[in-house]
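Chemist: Sequence:
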Amino acid sequence: MTEALEDEYKSRSTYRKVIEKFGVVRPFVNIVEAEERHVGALLALFGKYRITPPDDRWPERVTVPDTLEEACRNAVEDEKTNRVMYDRLLAGTSESDIRHVLENLQSASCDRHIPVFERCASRGGKGRTRKGC
7 MTEALEDEYK
17 SRSTYRKVIE
27 KFGVVRPFVN
37 IVEAEERHVG
47 ALLALFGKYR
57 ITPPDDRWPE
67 RVTVPDTLEE
77 ACRNAVEDEK
87 TNRVMYDRLL
97 AGTSESDIRH
107 VLENLQSASC
117 DRHIPVFERC
127 ASRGGKGRTR
137 KGC
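Residue numbers (my numbering): 7 to 139.
I should point out that these hints are in silico values taken from the structure, not numbers from a laboratory.
Among these hints, one or two may not hold up.
Okay, derived cross-link-like pairs now, SDA-like style, lysine to any residue, Cα gap no bigger than 20 Å in a straight line [what the hints assert, rightly or not]: (1) Lys27 with Val107; (2) Lys16 with Arg32; (3) Lys86 with Leu96; (4) Lys23 with Met7; (5) Lys16 with Gly46; (6) Lys16 with Ala50; (7) Lys54 with Trp64; (8) Lys16 with Glu76; (9) Lys23 with Gly53; (10) Lys54 with Ile120; (11) Lys86 with Cys116; (12) Lys16 with Val107; (13) Lys23 with Val107; (14) Lys23 with Leu11.
Computed from a predicted model, the values in this text were never measured in an experiment.
Starting from the given sequences, assemble the full structure and let the hints guide the process.
Modeler: Pasting the structure below:
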């Protein structure tokens, strides 16, 4: 669970930094909200099993590329790496509640995050600015 949480922390921090640098652009603004939910799901498991979660030290460790297109391309690769990590973690996990969370997080990467970041990269990083509610 620690590896998964660290990975979600990293993604959340990276996407937050992209938003800080390039503004409130899609898909980052949508996916950073998803990453927040992913962190919450994992923290709930830490609580259930009475395990102290690691601190999030990623905000000061991540860097953002010079262009939004490059940020989208990096996000595609990071999400693909994430998918492989979840394959490995699932292979070693028997607890049904933990498997359920890991499967949901992997599905989010595969089914939602990768496709939208690929679209962003194919548009040359032309993210759309998110309007108010």
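Chemist: Next step is simple, just say for each hint if it's right about the structure.
Modeler: Evaluated hints:
Restraint check for Lys27 and Val107: the C-alpha separation of about 31 Å exceeds 20 Å, so the hint is violated. Under the criterion of a C-alpha separation no larger than 20 Å, the hint pairing Lys16 with Arg32 is consistent with the structure, at around 18 Å. Between the alpha carbons of Lys86 and Leu96 the distance comes to roughly 15 Å, so the proposed pair stays at or under 20 Å and holds. Between Lys23 and Met7 the CA atoms are separated by roughly 24 Å; this puts the pair beyond 20 Å, and the hint is violated.
For the proposed pair Lys16 and Gly46, the alpha carbon gap of about 14 Å is at most 20 Å, so the pair holds. For the given pair, Lys16 sits about 18 Å from Ala50 by alpha-carbon distance, which is consistent with the 20 Å threshold. Simply put, Lys54 and Trp64 have alpha-carbon atoms about 24 Å apart, too far for the 20 Å limit, and the pair is violated. For the given pair, Lys16 sits about 17 Å from Glu76 by alpha-carbon distance, which is consistent with the 20 Å threshold.
This hinted pair does not check out: Lys23 and Gly53 have alpha carbons roughly 28 Å apart, beyond 20 Å. Annotation: proposed proximity of Lys54 to Ile120 is violated, straight-line Cα distance about 30 Å (limit 20 Å). Pair hint Lys86 plus Cys116 holds up; C-alpha atoms about 8 Å apart against a cutoff of 20 Å. As the CA atoms of Lys16 and Val107 are separated by approximately 18 Å, the hinted pair is consistent with the 20 Å bound.
Between Lys23 and Val107 the CA atoms are separated by roughly 26 Å; this puts the pair beyond 20 Å, and the hint is violated. For a cut-off of 20 Å, the pair hint linking Lys23 to Leu11 stands: about 18 Å separates their Cα positions.
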